[in-house]
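Guided by the hints, dock chain F with the ligands onto chain V, whose structure is given.
Chain by chain, the residues run as shown.
2 protein chains.
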Amino acid sequence: MAKTAISPTRSENYPEWYQQVVKAADLAENSDVRGCMVIKPWGYALWENIQRRLDTRFKETGHDNAYFPLFIPMSFLEKEAEHVEGFAKECAVVTHHRLEPNGKGGLQPAPSAKLEEPLIVRPTSETIIGATFARWVQSYRDLPILINQWANVVRWELRTRMFLRTAEFLWQEGHTVHATAEEAQEETRKMLDVYAEFAEGAMAMPVIKGEKTAGERFPGAAATYSIEAMMQDRKALQAGTSHFLGQNFAKAQEIKFQNQAGEFQYAWTTSWGVSTRLVGGLIMSHADDDGLICPPKLAPAHAVILPIFKNDEERAAVLPYCESLKNELSTQEYDGEKLRVRIDTRDLRGGEKKWQWVKRGVPLRVEVGPRDVASASVFAASRLMEKGVGVERAKFVADAPKMLGELQQQLFDRAKRARDEASVVIDTLADFEAFFAEGQPGGLAYAHFTDGPEMEAKCKALKVTPRCVPLEPLLGDDGAGECLFTGGRSERRAVFARAY
Amino acid sequence: MAKTAISPTRSENYPEWYQQVVKAADLAENSDVRGCMVIKPWGYALWENIQRRLDTRFKETGHDNAYFPLFIPMSFLEKEAEHVEGFAKECAVVTHHRLEPNGKGGLQPAPSAKLEEPLIVRPTSETIIGATFARWVQSYRDLPILINQWANVVRWELRTRMFLRTAEFLWQEGHTVHATAEEAQEETRKMLDVYAEFAEGAMAMPVIKGEKTAGERFPGAAATYSIEAMMQDRKALQAGTSHFLGQNFAKAQEIKFQNQAGEFQYAWTTSWGVSTRLVGGLIMSHADDDGLICPPKLAPAHAVILPIFKNDEERAAVLPYCESLKNELSTQEYDGEKLRVRIDTRDLRGGEKKWQWVKRGVPLRVEVGPRDVASASVFAASRLMEKGVGVERAKFVADAPKMLGELQQQLFDRAKRARDEASVVIDTLADFEAFFAEGQPGGLAYAHFTDGPEMEAKCKALKVTPRCVPLEPLLGDDGAGECLFTGGRSERRAVFARAY
Ligand SMILES: [Zn+2]
Ligand SMILES: [Zn+2]
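Those protein sequences? They're chains V and F, same order as listed.
Each residue of the first sequence is one higher than the last, beginning at 33 in the numbering used here.
Each residue of the second sequence is one higher than the last, beginning at 33 in the numbering used here.
Chain V extracted, bound-state conformation (with noise of 0.2 Å):
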């Protein structure tokens, strides 16, 4: 059998293959702080490609971005009980603004400058930018209001994992306020459209739109909507969430507005985020047993050149040629944007060269070698290929955008099929019990449920949760039916899986 770049594998240990990948593909890796990471310089750059196709995306849909205090006082999560429960346990909380000489050569906070009220620092900003919509919204000419916050932000976790969950994460978080009802339902169908696009179209990532189950919704929610994913272990990832918040946050932080009646009322307030998980996702949908595989469209540099000499009267005549195949491919375009090439030039083994780029999942490598100067040939490969082939360079540059589409629409496909296949239609508690018995593989299982107590004790105790109902029918579109969990009468059908 081929060794793997990666070791374990994903078959021989998953977790740990996922820690692999990361830090192979220099993604990131653990900091000084307890369950905060560095995100090094490859993983940043797929996340900058995140951030700026969203961005484009909101500004189109409308949205203005904006900045909002990295503190929240606590009396302010101390108003929504609600709230409370939900997030504001494991916080970092700020209590002095101070730290002196404690005598003993080192620091300690001031006892003089403890803060009158403790500050936390945001889990999500609900509470702070609602304050602040109260003071904007006066009359239903200010509405509708549709902000965007790029921001870090902070929950204490116990367990962590890079990207996936982590103590402080990056992302944003979408706030807007409405005069009715209907128009705040229509943005967060709008942004989760937003979302799903996204993963499907440049993560490459298929997901399952659909409405959380109360016990899964965001506290305070009337309704929240998320895209699910299935991870290569079967698991799925919510990869993103889209709150209807009802009139709920509007009560709790006076969000009131004059009509066109002149009567006040409260207004109908939404959220919605994605964060620095997206790329979590991204790996664990993509990656393999040698590392990474960016989808070419966020990937931080779409093709790497690896100039091959031996020496200085090779380096002579490869090097020039290198950088005029960079050129030449900076000006072809995919996805609208022109390509990015780098030549790796470094002072490494060309196979521990070609490896480190295979890791970090570059989409194409392009080997150049004194041999391919003289025939005016490339010997390329797509990361998805088995081995690279000698090609024309003049064919190569030309081909390249449609190389790029091809691995894209390729790794959709796999993810696709990946999880087709790992998708079932369930009617019975005993294949809903078999289906996600230990040992068994899992999956995406599609079940008629009535959203409850026996189906939350039963999930619990299967380590399982209902994903989400699909707004659109996926599998098992067979009308009402039967709730596995309590034999009443069910709708429709929600999607069980295990979860990160």
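These are calculated hints, taken from the structure and not from any lab test.
One or more hints might be untrue.
Identical copies look the same in the list; a pair holds intra-copy or inter-copy alike.
[Said to hold, decoys possible] Here are the computed lysine-lysine pairs in the DSSO-like style, where the Cα-Cα straight-line distance is at most 30 Å: (1) Lys288 to Lys385; (2) Lys91 to Lys434; (3) Lys370 to Lys434; (4) Lys495 to Lys342; (5) Lys146 to Lys136; (6) Lys386 to Lys288; (7) Lys222 to Lys267.
Quick look at chain F with the ligands alone, frame taken from chain V:
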């Protein structure tokens, strides 16, 4: 006298004028958290444009973005005494990681969740990034490391002022590691140049590049360089800094590498940063008694179109004309970017609407009424024109980029003229004292000096600081001279001023 849109005017009360411009231009507002501001969409869009341009330059000069933790363990600040003195005193200290009910219907930091080691919200990231770099650097082959981070930082300030001095602010911090002192020095100066080119080229804000005196140096730095601008009240604003850190941080953080001879040695590091303070500098460079004036290169919108109509019939003629005008304008380019054009169709009185855009400082304002439609013309004004003029529509579309370029240049010229008029060469202590005497307008004084306690005491008494020793002679380039404060020999003049 004409009524101004901003009250008070600059001459009546400059600090209050500043706050009113920030408010009237919809740039930012105070938040519910002491010392932290909410950056509103118009202000944030300015910052995004600043970011985008700088980020492009950072990447062109070989830097990669990355992200490091928000928190710094207290012990990291203890390690380097000098650094602690300078930065760690007033900061946000996280001491607990959980809230719990306080038994009185509220919340409290949970005593059981007290952190063993307090965490500091980063005031700057030298220590945590340095600890990371120590892991990344092993060999000369790993150098240089050229990293930038876009982030929020917190410094607990007692007296805050939006954009100029806030507890939380947004910035970028470059951090680099080099094998030699020369390379690190070159990097320090290169990034200072990037800042200066940006300030003058994009912000239209003339700056002086110079080196800080010892007392004004970044704690722990071997040399600190800055760009200094003069505001309309003749006070200086430090708009960006670039630090040559020597081996000081490398020694504290054990950033060592094996050189080509196989010997271990300490590396040389730099750091450099600009922040949302630049927005404050932009305001105080260009705004007038009618509000903000956006330099076209950074303006969130280059032009706003204001449709004017009295009834549905006029509306039906005017709006499509405005839409097609917007589309035409948006195909024009200024400074390598498509024109950013908005139509303001809000249901507001024409005068109110127009003045909102004046106060926000949009470079070009275009009013379109039924008569303009009939005559295929527009009524257009740049933000620096007293009144608008009727102009043929096609001509306006063709000329818009040129008008923006002229406005950009006018702003720079005007700011430079104001600075030059307030710059003097001073050769006696008596003149120095008279220049900075209470009731005098002050400005920038170029004077010979010796870096030491006599100068510092005198400056302190006059509430003046040495801003920098200019790298390129600007005024008073008369070689060596006599220090105003000690009578000793002085090789160079420094620029002295009151400062923000
Ligand atoms: Zn919250
Ligand atoms: Zn520091």
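Against the structure, the hints come out as follows:
1. Proximity of lysine 288 to lysine 385 under the C-alpha cut-off of 30 Å is restricted to the inter-copy arrangement: shortest distance 24 Å between copies versus 60 Å within a copy.
2. Taking the shortest alpha-carbon separations for lysine 91 and lysine 434, both the intra-copy value of 29 Å and the inter-copy value of 27 Å come in at or below 30 Å.
3. With identical chains, the CA atoms of lysine 370 and lysine 434 are at most 30 Å apart both within one copy (13 Å) and between copies (28 Å).
4. In this homomeric assembly, lysine 495 and lysine 342 never come within 30 Å of each other (Cα to Cα): the closest approach is 57 Å inside a single copy and 65 Å across copies.
5. For the homomeric pair lysine 146 and lysine 136, the shortest alpha-carbon distances inside one copy (21 Å) and between copies (21 Å) are both at most 30 Å.
6. Taking the shortest alpha-carbon separations for lysine 386 and lysine 288, only the inter-copy value of 27 Å comes in at or below 30 Å, while the best intra-copy value is 60 Å.
7. With identical chains, the CA atoms of lysine 222 and lysine 267 are at most 30 Å apart within one copy only, with a shortest distance of 26 Å there and 49 Å across copies.
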